[in-house]
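So the chains spell out like this:
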Amino acid sequence: QSALTQPASVSGSPGQSITISCTGTSSDVGSYKLVSWYQQQPGRAPKLMIYEVSKRPSGVSNRFSGSKSGNTASLTISGLQAEDEADYYCCSYAGSYSWVFGGGTKVTVL
Amino acid sequence: QVQLVESGGGVVQPGGSLRLSCAASGFTFSTYAMNWVRQAPGKGLEWVAFIQYDGTNKYADSVKGRFTISRDNSKNTLFLQMNSLRAEDTAVYYCAKGYGSGSYAFDIWGQGTMVTVSS
Numbered sequence: 090q091s092a093l094t095q096p097a098s099v100s101g102s103p104g105q106s107i108t109i110s111c112t113g114t115s116s117d118v119g120s121y122k123l124v125s126w127y128q129q130q131p132g133r134a135p136k137l138m139i140y141e142v143s144k145r146p147s148g149v150s151n152r153f154s155g156s157k158s159g160n161t162a163s164l165t166i167s168g169l170q171a172e173d174e175a176d177y178y179c180c181s182y183a184g185s186y187s188w189v190f191g192g193g194t195k196v197t198v199l
Numbered sequence: 034q035v036q037l038v039e040s041g042g043g044v045v046q047p048g049g050s051l052r053l054s055c056a057a058s059g060f061t062f063s064t065y066a067m068n069w070v071r072q073a074p075g076k077g078l079e080w081v082a083f084i085q086y087d088g089t090n091k092y093a094d095s096v097k098g099r100f101t102i103s104r105d106n107s108k109n110t111l112f113l114q115m116n117s118l119r120a121e122d123t124a125v126y127y128c129a130k131g132y133g134s135g136s137y138a139f140d141i142w143g144q145g146t147m148v149t150v151s152s
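Here the protein sequences line up with chains A and B, keeping their order. Reminder that position 9 of the first sequence reads as 98 in the working numbering, one-by-one numbering, no gaps. Reminder that position 7 of the second sequence reads as 40 in the working numbering, one-by-one numbering, no gaps.
Simulated from the structure, these hints should not be mistaken for lab results.
Mimicking DSS-like on lysine-lysine, the simulated pairs with C-alpha atoms at most 25 Å apart in a straight line are:
#1 157(A) / 195(A)
#2 91(B) / 76(B)
#3 122(A) / 136(A)
#4 136(A) / 195(A)
#5 91(B) / 108(B)
#6 91(B) / 136(A)
#7 136(A) / 76(B)
#8 195(A) / 76(B)
#9 157(A) / 122(A)
#10 122(A) / 91(B)
Just so it is clear, the structure is predicted and the values come from calculations on it, not from any experiment.
If we strip away everything but chain A, and leave its shape as in the complex, we get (with noise of 0.2 Å):
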């Protein structure tokens, strides 16, 4: 399994939006309504921010809210803020109990 294709960075100003895009194949991304978004502070365990495409976990900001589109999901985050500087992955299930990361983006509040 190949890693899901994510920007190396993207950047963004206080109260802007910005979007993450997480490119797969047909065998993961594109099959499944199972792609879900962690965000990871420096020397943190990464946190769950998205699952099942769209859904937020309970305590997680409604600024943040994920699509899907073929074979590529996307993370945006509105109204950006100072704390939502922070490395983010993306993960799909890739069927009979595999998953693959995307290799992160690192995202900048300029």
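On the provided structure of chain A, position chain B as indicated by the hints.
Just chain B now, kept in the frame of chain A:
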């Protein structure tokens, strides 16, 4: 509160073995799928292994035949037995709880335990 605590990491020579543990608390461990996910220094996340509540398991190709995932539901503990270790297995290893319908996401993560494979 809901918590996962890993242990067992350390420095091991290439070809050596190590057994990681993940102690769960605050939730009914026996009813959830569990996973191991690793992160090499300065790199991204990599899914390593999965185990269902009933012991059904699956491995990433990179560790298949070398790593074994298991669980002891009576002790609320997840394990990862790592044999024939290679330099490329050097990473922080996280245990993660399955979440959502079918447990296809990972909602609770441990703090991670560092494994260094070096001579």
